[in-house]
Each structure stands twice: as C-alpha cells, then as structure tokens.
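Participant: Okay, here's what each chain looks like letter by letter:
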Amino acid sequence: MKDKIFKSILFIASCLILVLTAGVIYALVTQSISAFSSFGLFNFISSSEWDSVNNNFGALPFITGTLITALLALFFCIPFSLSIALFNGEYFKQTKIATIVSSIVDLLAGIPSIVFGLWGFYVLRPILIDMGVSAQGFGVLLASIVLAIMIIPYASSLSTEFISMVPNELKEAAYSLGATKMEVIKTVSLPVSLSGIFAAYILALGRALGETMAVTMLIGNTNNIPTHLSDTGNTMASIIANQFGEADGLKLSSLMAIGLLLFLITATINFIAKYILKLVNK
Amino acid sequence: MENSINNDKYILELKDVSVSYNPEKKAIKDVNATIKEHTVTAIMGPSGCGKSTLLRAINRMHDLYPDIKTTGQILLKGENIFDMNPMRVRRLAGMVFQRPNPFPTMSIYDNVLAGYKLNNIGLSKAEKDEVVENSLKSVALWDEVKDSMTQKGSFLSGGQQQRLCIARAIALKPEILLMDEPTSALDPISTNRIEDLILELKQQYTIVIVTHNMSQAARISDNSMFMYLGELIEYGTTKQMFTKPKDKRTEDYLTGVFG
Amino acid sequence: MKKTIFSTSRYRQLKSKLFFYVVCTFCGITMIPLFLILWELVKKGYKQFNLSLFTEVSPSSMDAMLAKISNEPIPGGILNGLTGTLLILLLAMIIAIPVGILTGIYLAENQKKTFTKLIRSLSDLLQGIPSIVIGIIVYVWVVKPMHSYSALAGSIALAIMMLPMIIRSTEESIKMLPTSLKEAGLALGGSYTSVVLQILVPSAFGGLFTGSLLAVSRVMGETAPLLVTVLGASTVNWHITEPTSAISLLIWEFYNDPNLAPLVWSSSLLLLLVVLGINIFAKSIAKKWKIQ
Numbered sequence: 001m002k003d004k005i006f007k008s009i010l011f012i013a014s015c016l017i018l019v020l021t022a023g024v025i026y027a028l029v030t031q032s033i034s035a036f037s038s039f040g041l042f043n044f045i046s047s048s049e050w051d052s053v054n055n056n057f058g059a060l061p062f063i064t065g066t067l068i069t070a071l072l073a074l075f076f077c078i079p080f081s082l083s084i085a086l087f088n089g090e091y092f093k094q095t096k097i098a099t100i101v102s103s104i105v106d107l108l109a110g111i112p113s114i115v116f117g118l119w120g121f122y123v124l125r126p127i128l129i130d131m132g133v134s135a136q137g138f139g140v141l142l143a144s145i146v147l148a149i150m151i152i153p154y155a156s157s158l159s160t161e162f163i164s165m166v167p168n169e170l171k172e173a174a175y176s177l178g179a180t181k182m183e184v185i186k187t188v189s190l191p192v193s194l195s196g197i198f199a200a201y202i203l204a205l206g207r208a209l210g211e212t213m214a215v216t217m218l219i220g221n222t223n224n225i226p227t228h229l230s231d232t233g234n235t236m237a238s239i240i241a242n243q244f245g246e247a248d249g250l251k252l253s254s255l256m257a258i259g260l261l262l263f264l265i266t267a268t269i270n271f272i273a274k275y276i277l278k279l280v281n282k
Numbered sequence: 001m002e003n004s005i006n007n008d009k010y011i012l013e014l015k016d017v018s019v020s021y022n023p024e025k026k027a028i029k030d031v032n033a034t035i036k037e038h039t040v041t042a043i044m045g046p047s048g049c050g051k052s053t054l055l056r057a058i059n060r061m062h063d064l065y066p067d068i069k070t071t072g073q074i075l076l077k078g079e080n081i082f083d084m085n086p087m088r089v090r091r092l093a094g095m096v097f098q099r100p101n102p103f104p105t106m107s108i109y110d111n112v113l114a115g116y117k118l119n120n121i122g123l124s125k126a127e128k129d130e131v132v133e134n135s136l137k138s139v140a141l142w143d144e145v146k147d148s149m150t151q152k153g154s155f156l157s158g159g160q161q162q163r164l165c166i167a168r169a170i171a172l173k174p175e176i177l178l179m180d181e182p183t184s185a186l187d188p189i190s191t192n193r194i195e196d197l198i199l200e201l202k203q204q205y206t207i208v209i210v211t212h213n214m215s216q217a218a219r220i221s222d223n224s225m226f227m228y229l230g231e232l233i234e235y236g237t238t239k240q241m242f243t244k245p246k247d248k249r250t251e252d253y254l255t256g257v258f259g
Numbered sequence: 001m002k003k004t005i006f007s008t009s010r011y012r013q014l015k016s017k018l019f020f021y022v023v024c025t026f027c028g029i030t031m032i033p034l035f036l037i038l039w040e041l042v043k044k045g046y047k048q049f050n051l052s053l054f055t056e057v058s059p060s061s062m063d064a065m066l067a068k069i070s071n072e073p074i075p076g077g078i079l080n081g082l083t084g085t086l087l088i089l090l091l092a093m094i095i096a097i098p099v100g101i102l103t104g105i106y107l108a109e110n111q112k113k114t115f116t117k118l119i120r121s122l123s124d125l126l127q128g129i130p131s132i133v134i135g136i137i138v139y140v141w142v143v144k145p146m147h148s149y150s151a152l153a154g155s156i157a158l159a160i161m162m163l164p165m166i167i168r169s170t171e172e173s174i175k176m177l178p179t180s181l182k183e184a185g186l187a188l189g190g191s192y193t194s195v196v197l198q199i200l201v202p203s204a205f206g207g208l209f210t211g212s213l214l215a216v217s218r219v220m221g222e223t224a225p226l227l228v229t230v231l232g233a234s235t236v237n238w239h240i241t242e243p244t245s246a247i248s249l250l251i252w253e254f255y256n257d258p259n260l261a262p263l264v265w266s267s268s269l270l271l272l273l274v275v276l277g278i279n280i281f282a283k284s285i286a287k288k289w290k291i292q
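Protein chains in written order, with my numbering: chain A, 1 to 282; chain B, 1 to 259; chain C, 1 to 292.
Simulated from the structure, these hints should not be mistaken for laboratory data. Just to be clear, a hint being listed does not mean it is correct.
Stated by the list, open to error - FRET-style restraints, in silico, Cβ to Cβ:
#1 A:229 / C:29: 17 to 23 Å
#2 A:94 / C:43: 35 to 41 Å
#3 C:277 / B:155: 29 to 35 Å
#4 B:65 / A:161: 27 to 33 Å
#5 A:172 / B:30: 49 to 55 Å
#6 B:83 / A:168: 51 to 57 Å
#7 A:275 / B:123: 52 to 58 Å
#8 C:46 / A:53: 43 to 49 Å
As the list claims (entries may be wrong) - Derived coverage of chain C by chain A (criterion: at least 3 residues anywhere in the stretch with Cβ under 8 Å from a Cβ of chain A; other residues may be distant):
#9 10-20
#10 65-79
#11 103-112
#12 137-146
#13 185-193
#14 273-279
Stated by the list, open to error - Here are the simulated DSSO-like pairs of lysine-lysine, each with C-alpha atoms no more than 30 Å apart in a straight line:
#15 A:96 / C:287
#16 B:173 / B:128
#17 A:7 / C:175
#18 A:181 / A:282
#19 B:25 / C:175
#20 B:117 / B:152
#21 A:181 / C:17
Every residue, glycine too, gets a C-beta built ideally from N, C-alpha and C.
Chain A on its own, in the form it takes in the complex:
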C-alpha cells in the first residue's frame, strides 16, 4: 500500500513534465494565433516589416539575424573547441593538465550571459571600433564573437568525450604502420569520432540560437536584415527581450509568434543532435 502511494508519487512527478511541455506549447500557440491569422504564417516569416505604428509585423530580419549570428559563432568556435577536444581527449588524455583545462572551460560556461554582454560591450567593442569595423562597434560580428566564446564549452566537452572514446587499438594500429601523431588524429581519431563531434556542434548551435542577454547588448538592436559583418540587427531572442515589456495587442502576439518559431527551431536542432547521438551510441 505504502509502496503503491510512493510509486504513484513518482509517476505523478513525471507526468508533471508532460503537463509542463504541453503547457509550453499550448501557451505559445494560443498567444501567437492572432499574429499568424492577421499576417498569415508564410507572410509573417517572409516579411521584413516591423512597424509598431501601423501594426505590421514580420519576423524575417530576426530569423536571418539569429541564423547568421549563430552560424558565425559556430564557425568561430570550431578551431578553439576542436583544439580543446584534441588537447584533452588525445594529447593529454587523463592527465592533470587536461583536468585543469577542462575545469577552466567549464567555468567559462558558468559565466552569466549578462556578464559576457558587459565584457563584450566595454572591452571587445572598443577593439572593434579601433580596428575600424564600424563606427559604433555594435553588430553581427561583435555578437558572434562573444557568442562563440560562450558556446566553446558546450562544443568542446562533448567532443572531448567522443575523441577520448576512440579505442587505443585503432590508434596503435595506425602508429604501428608508421603514422605520426597528426596522421593518427587525421586518419583515425577524428574520422571515428566525427559524428559525435558533429552532434556536439549542433547542440552548441542550439545554445547559440537561443542566447539572449549578451546578444541583446551587442547586436545593435535594429530591425533590418544584416547583410554585412559590421551591420547591426536583432535576433529572435533579442527582439523579444527588447520589446516585450512595452508590447501589447498584435505586437505582443507577434513577439509570442517569434518565441514559438524560436522554440521550434531550437527544438528541431536539438532533436537532430540527439538523433545523431543515438545513432552514434548504437
């Protein structure tokens, strides 16, 4: 009897997750209906209008802003996170220095987004201005550089795991054929762990897409489609953070709709990564 009650408590707790997820989707969908019905789903996604005066809203600039900054960040982070993965998972596998490096990288992941934003604003922005990237320094480039630093820990920790899982026998086989360390990495370690590393980067991309505060502080907050690295813009997350407080009616619904789209994009990205991981683990 007591066991039955306890087991039902466990079950009910799990059901809460189900209810929570359903509630998330329900809230997003019901709140964005009025935006989608006034503008049409396709039109909302493809329109670059964001006009609070005439109540005409489209999400295209923010979708492109999000994709551009996130992909750029991913691109910037690859050499660094791959190096960390090789350093910790191959060259210095299971040594003290590897633990130190991985702890430092872990701590990087612990820094709050708003602190990254501050640092980007006060330290990196002046550097970009000095380099003549743009007059104000704000923009896609600044946001993606900081984003890249923020996602390095996510990309590198999982990659490290996969690289260190490559069986020694395989590597030894290559060494015994006279390969150098680099050739072993190129022909054995990386190819064997490739799909795992790929999944790690997709997960990191998912983080970058949803990152809010730092990007909001650095991207410049203009509602245009960025076409150049030095252009300012807005991401889906940053437009919500910026304008949610003062929004109501159709604008609120449009922001909700952007939230729904962002949710769908990150969920898809995460699903793909998890699917690849599942295949790898088999």
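Starting from the structure of chain A, add chains B and C where the hints point.
Facilitator: For chains B and C alone, coordinates are given in the frame of chain A:
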C-alpha cells in the same frame, strides 16, 4: 501452526519450481527438492545452469523484474512463499551476494541494523547494541570492528565487508540463509574464514549456497545439488555425490570434462 | 621528385609537431577570456565592492547623478537585488528539486518503459528551450492571470530551467549504483519505498546534491526570463506575489543608466564570484563523493 504440518523437519521444500526469463525458454525447469534444518546445501553446476536463478527464486528476488516468471511452489516451514508477503519472505530468508555490498552511506553499526531500519522495526538502544554485538560476534567480526562502529562499512577489507554483509543478513534472525557465491570475489584467506563461518552458522541456521568451486562444496556442504541446463540433475549427500555420482553428467562435471 | 624515406618522415614529423603547437596555441587562447573577464570586473569593480553593496538598496538615477557631480562615490548597493535573487532562487529550488528528484528516480527505476523514454525526451526538449522563451511562457501563465509581475513568476521560470538538469543528474546517479545495493535492501525484507528512500537516495546523494547545486548556479545569473516575469523593484521585497529585483536585473538597470554605470562592475563581480564559487564547490564535492 508449525506443529500441524507433518513434514516440519523440512524447512524448505521446492515443488516443480520453474523460472523463465522469456516465454520461450525456461531458465530452470521443474526443480523438486527438500532441505532439512541446520544443513548446508551446495548448488553446483557450470555457468548459466540456473544455480543463482534457483537461489533467487527462494526469496522471491525475481519479483523485482517483471519479465521473469516463477511457477511451482516453494514451502518455507510449510508455508507457500508465493502466498506470503514478499517482504516477509525476504526477512525469513536472508541473502548474501557475490560481491560484498555494505550500504555505502551507513556506518558499520547501521549496516548491521539495516534490516530493522528498512522494515521500520523500532528497537531500543540496548536492543540495538545487543543485536549488533551478537551478529558481529557470530561472524567473528566483533573484535575487529568494535572500536570503529561509526565508520563506513566501505573502509573494511573485502573479506570483512562480506562478513559484515552476513552479519547484516543474520541480524534479522532469518530461517534460512541464501548465499550466492559469497567467496568468489575474495582472496583465499578471506575465503577460508567465510567457509569456517558457514560451518559455525550451521548450528543456528539452514544455509543454501551457490558455488562454482567444487572443493568448497566438498569442504562445507552436507548435501549437494548438481544443476545442468536449468535442470536439477542430481541431489544427495555431498559425500555420495563426490564419491559415487549417479548421473553421467555429474561425474563429467566433477571430473572436469566441462564447466 | 622522389624524396628519400628519411626526408619525408622528417617532414611529416615536423608537420605533426607543428600541428601540436597549433592545437596548444588555440587551446591556450581559449583559456584567456575567463581571466580577462575576471580581471576586468575586479579592476573596475573593487572600488565599489564594499559593505554598502550588501546593506543598501540600489540608488536612484538622480542620487547617483548628484553624487557624480559633487565627485563623490555613488551611494547605495544592491541589497534589493540580493534579497530578490535569494527569494526567487529559494522558491525555484522548492519547486524544482522535489519534482526533479522524484522524476529522476522514476526514470531510473522504469528504464524500459515507453513512458520513461517520452519523459526523458520531453525533459531534453525543456532543457533546449531558450530562457527568454521560458520567460514569456511564464508571463502568459502567471503574470497575465495575476495582473502583476511577481517573484513567484520568476521562480517558476527558473524552476523550469532547473528541472531538466536535476532530473538528468538524479537519473544518472541512481543508475550508477550497483543493482546489488537495491537487491540487498530488498533481500532484507525492506519495502520498495524504504529501499529507495533509505538506501538508493542516500547512496546517490552526492550526485543529487551536486546536480541541484549546479542547476542553481546555472540559473542564478539568468536575466532574460526575469525581465519579463519579476520586472524589478527599487526596494527590498519579500512578498512572492509582488515585483521583485534580482542581482542580474540590477546589472541590467545599471548597464542601461549611464549615471549608475559604475555600480555595474561591483555587482557583476559579486554575481560572478558567487556563481563560480558555487560551481567550483559543487564540482569539488562531486569529486569527493566519487572517491568513496
């Protein structure tokens, strides 16, 4: 209650016991056997023959895994264990596992009393002390640990840990003691001590022990079962089985043809 | 064109060495930002990092301006943010930790069920939701019906972010326990409930504790979801149904108000030290527990 049963000298009776992990294949088939009080019964056989499966049927461990089905009857002091509350069955049939597994968060003292705690049986401090002392004395561990009662059980050596686990099992004063290869993870000296202990515990308990080790069975058991491919091939006194096995397969196993 | 084996192998060795140095260089560069950020905060924040930071509420823009004109240090601190963060985090822990641990136990104990796989995927899904999106959902759920921003709303948002992490760490640490531990408990006649609560949970306690602590440190600096749920307040508030401040929200305010900008560094320094401190503490505990 006990007196009303004719064959009460048998503490354990197995009647057509079968266990299956999946519907197609039975892990053990129609085992019939009776076990007398204050004896040591060894279950032998090659790996995968169902020794442990049979042992774990006796305290209804298979209940934990919904896929495993047990059929037949097992009478403990004349009472069918499948009609009893599984928790009561397990209190009456203590179990010692292959690897010593003292509870890592509990002190030595609390480990011995774990059975009482888990069953929410309240004891006074004096009663607790008595149970702990008696149980640890029975496993000859008292002198070694009496000054470190509050330490965690995981600080003991493997052999000491296993004796602690035996103390934990007998603290509840079970009717029988089930041992699943209790020495397979221990060194020879610790193994010796456990074997001596089993011979002593026989005075008070009935012991069923699964073992891989034929000489161990010969040293400590009164009766032996030989199992092969899920069937109980032969059951008799250990002496008779080792000297004049009735079945060809038993003889082959004992002479090292397989296993 | 033919190279001797000797020279090619030397060339290849050299290339391999070079590659190693490149890896080390990139790796080294990645170590830099953490220290640069710390340095920046210490350099600019130590002057304001004083007792009044902990004992006074945040100043108004006007007070700060007046102080600035008369060349005095900006008065006030972040007491309202400290208490707000504490209140919101405590509430979030009360919501998330029990549910997370119970769910984690369920998942670890029913691994083969389809329902388990569903809940696990949903938990992953929740973990992937951007924090600002969680914020606006809680706005719809709580702020709108209650017609007020509130500490409660913020803590629900943070609890949703903590849940998946707690669930995952609970499930993993219970799964790591040897099955014989559970069997030994049951073999002593313990009920399922007592075996789980008295043996499994204490044995996995290190994992549960670290997981919960890391979850707290992860959401502690969150700003975006709080912007749209608790709004902020200029005084200390302990009522869970009223708008409340938080350290991260104050940082955001200071950042947006040029008069208050000097305070941004000391408050960020404090936030960072606490978050990293909890992080390091949790991980060192995890290590200690694992050795046992």
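Participant: Look at each hint and say if it fits the structure.
Facilitator: Okay, the hints, checked on the actual structure:
no.	hint	result
1	A:229 / C:29: 17 to 23 Å	holds, 20 Å
2	A:94 / C:43: 35 to 41 Å	holds, 36 Å
3	C:277 / B:155: 29 to 35 Å	holds, 31 Å
4	B:65 / A:161: 27 to 33 Å	holds, 31 Å
5	A:172 / B:30: 49 to 55 Å	holds, 52 Å
6	B:83 / A:168: 51 to 57 Å	holds, 55 Å
7	A:275 / B:123: 52 to 58 Å	holds, 54 Å
8	C:46 / A:53: 43 to 49 Å	holds, 47 Å
9	10-20	holds (count 6)
10	65-79	violated (count 0)
11	103-112	holds (count 5)
12	137-146	holds (count 4)
13	185-193	holds (count 3)
14	273-279	holds (count 3)
15	A:96 / C:287	holds, 14 Å
16	B:173 / B:128	holds, 14 Å
17	A:7 / C:175	holds, 17 Å
18	A:181 / A:282	holds, 28 Å
19	B:25 / C:175	holds, 28 Å
20	B:117 / B:152	holds, 17 Å
21	A:181 / C:17	holds, 8 Å
Of the numbered hints stated above, the single one contradicted by the structure is hint 10.
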